[in-house]
Amino acid sequence: MRNTIISVNLIQPLFFATFPGVKVLAIKSPLWLLRVIATLCLMQPGELLAQPTIYFAGLSYLGEAKHAKANYPVVTSINVSPGKGQAAPLDKAFRTMLEQTAGLPYKIAAGEKGDYESGPAIAMTLAIERETVSVDKFPDYYKLVAEISAQILFFDFQSMRLIASIPLDIARNDVVSVYDDLALAKETNVKALYQPDNSDINLFTIARDRILESHLPEEDALRFKVDTLSFGDKAAPLLPPSLAVNPLSQTFGQYFTAQLAQNARLNMVPYTKGYAIGNKMSGRMSNGDVYQLALPEPDYVFDLTVTNFKVMKKTNKNLYAARVLLNAREATDTDLLINDYFHYAVPMLVSKNQSSETDWPGYEDALEMLLLDIAHQLKAPEKKWFDTHTQQKRKTYQTFTAWSEQFNEM
Amino acid sequence: MKCSNLTAKLWLIFIIVFSAFPATSAEYKGVVEYPYSGWLDDDERAAAYAEAKLKAVETWLAKTQQYQLPNFALIKDDISANIDDYLLQSTVISKKENKDDNLFRVVMRVSINESKLLAKLTEAGRGQAAPSNEDQYITFVFVARELASRIEAKDTQSGDFQRGENTWQATTTNEVDSAVGAVFSAANYYVIDAALLEEETEGQLDVNNFIMDYEQGDDLTPATKRDAIRGLRGLLDPVQYLAIGTLDVDEHSTDDVSGLYQVPVSVTAKILAIKRRGAAVASVGPVQYIGLGPTPIVAKNNALKLAAEKMAAGLIGQLSSKSI
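These protein sequences, in sequence, are chains A and B. Residue 360 in this note's numbering sits at position 360 of the first sequence; the count goes up by one each step and never skips. Every number in this note's numbering is 1000 more than the matching position in the second sequence, counting from 1.
Pulled out of the complex, with its shape left as it was, chain A reads as follows (with noise of 0.2 Å):
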């Protein structure tokens, strides 16, 4: 007997964030008037302008190439095309549900193949950068998550710069007898994610529901991103054996900036460590080409300490509790603008006779739920917020407060 319980964890868009206080001072026309124009691109395709053309490239697995099939087991193996020449089933299935979609931002260009000198200029790319599933072990089941994250990337094809990104993130839950195929079933929910019909929990009609929310970014918007986000020594300890320290910070690194770009409507930069040397990031197209895109200097960044997590365990409820020490400055600055220690804590029934591994599953909770607030809490600072779940309190507050008011959208 198999129970499958599916939910799905949205990772809203981040774009177009405009900022007060910054002026465009090379362009004579007035922004507000770009703003407004804009806008009416994107109400009125077709009527007053052209949208701009767009060139799909197909999916893409970030980092090194040779490691794609390793890292991405089910999508590469889906995802081949049927012959030389012939667009792989997600790629053509992604870019027929786009085609038929009505009000996108963007006119899909035609044809197999983009052609900067003649085509347009301008590409995107579905890339994949997780792929995983993790398992808990209970008395007589397994509780697994499944869970992809993916960037869509546009870029210049010209000079491989990258010019936007709108960070995804799904996940699908089920739970498996311990008679069941554990390996069978973590394919076959990976899989699910990745099925190209109109449900709303899978990959595609998450990234086309954000591409239809979005657009490209003003060049003169501050661009924003997490520099580092490490496990302290205290912490580092109480990861799960079974899981890396890099491969750990690369997912809540990806996390972190997901969060910051939905929540907090900043225009982030993607997380790279694991997958980018100096300024560049790199990928497979499905079809095998490689790609290299450079990526924007960051205007001001973060970097994120986990220093602990805390376990408070009671007859049938642990309290689990993650702590991080968060700093943020102008790239080219020493001066921290944020600089304090946040804590989060979460509570989780216990059943008699589960004997979970570890503790963390309610880490990883604790920490998640920190990080989406942290994002909440610099678009809209709550005072209450901050006396409970920072060390400086109210002057915290007041930092979060002027970045909001620095930095929010018009």
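Worth flagging that the hints you see were computed from the coordinates, not collected in a lab. Errors might be hidden in some of the hints.
[To be verified] Heads up, incomplete: computed chain A residues facing chain B, CB under 8 Å, no partners named:
(1) Ala65
(2) Lys66
(3) Leu222
(4) Arg284
(5) Asp299
(6) Val301
(7) Asp303
(8) Glu330
(9) Asp333
[Said to hold, decoys possible] Pairs of lysine to aspartate or glutamate residues, derived as DMTMM-like cross-links and limited to a Cα-Cα distance of at most 20 Å, are as follows:
(10) Lys1055/B / Glu330/A
(11) Lys143/A / Glu330/A
(12) Lys1096/B / Asp1155/B
(13) Lys1095/B / Glu382/A
(14) Lys1029/B / Asp333/A
(15) Lys1095/B / Asp335/A
(16) Lys1116/B / Asp1256/B
(17) Lys1275/B / Glu1198/B
(18) Lys280/A / Glu1027/B
(19) Lys1096/B / Asp373/A
(20) Lys1029/B / Asp227/A
(21) Lys1096/B / Glu405/A
(22) Lys1095/B / Glu297/A
(23) Lys1095/B / Asp333/A
(24) Lys1225/B / Glu1199/B
(25) Lys1099/B / Asp335/A
(26) Lys69/A / Asp1256/B
(27) Lys280/A / Asp1256/B
(28) Lys1063/B / Glu297/A
(29) Lys66/A / Asp1256/B
(30) Lys1029/B / Asp335/A
(31) Lys1099/B / Asp333/A
(32) Lys383/A / Asp373/A
(33) Lys92/A / Asp197/A
(34) Lys1096/B / Asp333/A
(35) Lys1096/B / Asp335/A
(36) Lys1095/B / Glu330/A
(37) Lys1055/B / Glu297/A
(38) Lys1055/B / Asp359/A
(39) Lys1029/B / Asp359/A
Even for Gly, the Cβ is constructed at its ideal location relative to N, Cα and C.
Place chain B on chain A using the hints.
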């Protein structure tokens, strides 16, 4: 009609918004701490912004256009006064007033119109030369070389020292010729294909001689160089400069991160002034560049193109700064 005018204006603005990704621009940041006295007023703020923009341009010069620094020194004030003419975009990243020390810290990100600024700098350097009615002609022979054989230096059994020796497979390539020609032309030199001058110089300039010399070593033989200079000097409509050099292609390897092939190219080049008895008036290298590509050939071509462009820009920067 109002409607069509409006549409045209909207379209123009639309283009500005969505075409803000120029391929020939370079993005740099400028940071300044601008001292002020008393109350920081609008004029002082504007001066701080202008200084930050100039600082960004200076950073670009120092990092990528060292050969243009003397030219920049000539017209720094002019560029400073008209800085926005050379920028495609500028954004205030941060502004911070330190009232204790009366310092206004400004960080600006600018997108530099490289082509326009380079043309201005080169023109400034050349403007220092004595007025001349002559057109400025330049020709060049650059060869790409790949190692054909190598004899390592060693002590022989008889106790003598045997010098190491490389022989090369040399050729001229379209990638190099196009890239160099484009840079020289952009600097307002009239570029003459060396092959066209062979007949005019009655064979004294012979591209094959250059290739054969460079297959045997890193320098031209005195005879090849002397004949070429003599031939160019004897032309009715003289060519003032001869640029020569080698681009040595090393073996390809795989870039671990991208999986792309990478090919290193080492470039050495100089410009000889024909009127000045073949004296070298500009030289570059050896400098190494790396090209990436999905195949070894594409990677090699990318490396050659990159090396040629950088080398030519360096030569032109030096040539113009010498006001020759």
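Original post:
In ascending order, which of the hints set out earlier in this document are inconsistent with the structure?
Top reply: Hints 6, 7, 11, 12, 13, 16, 19, 38 and 39 are the ones this structure does not satisfy, whereas the remaining hints hold.
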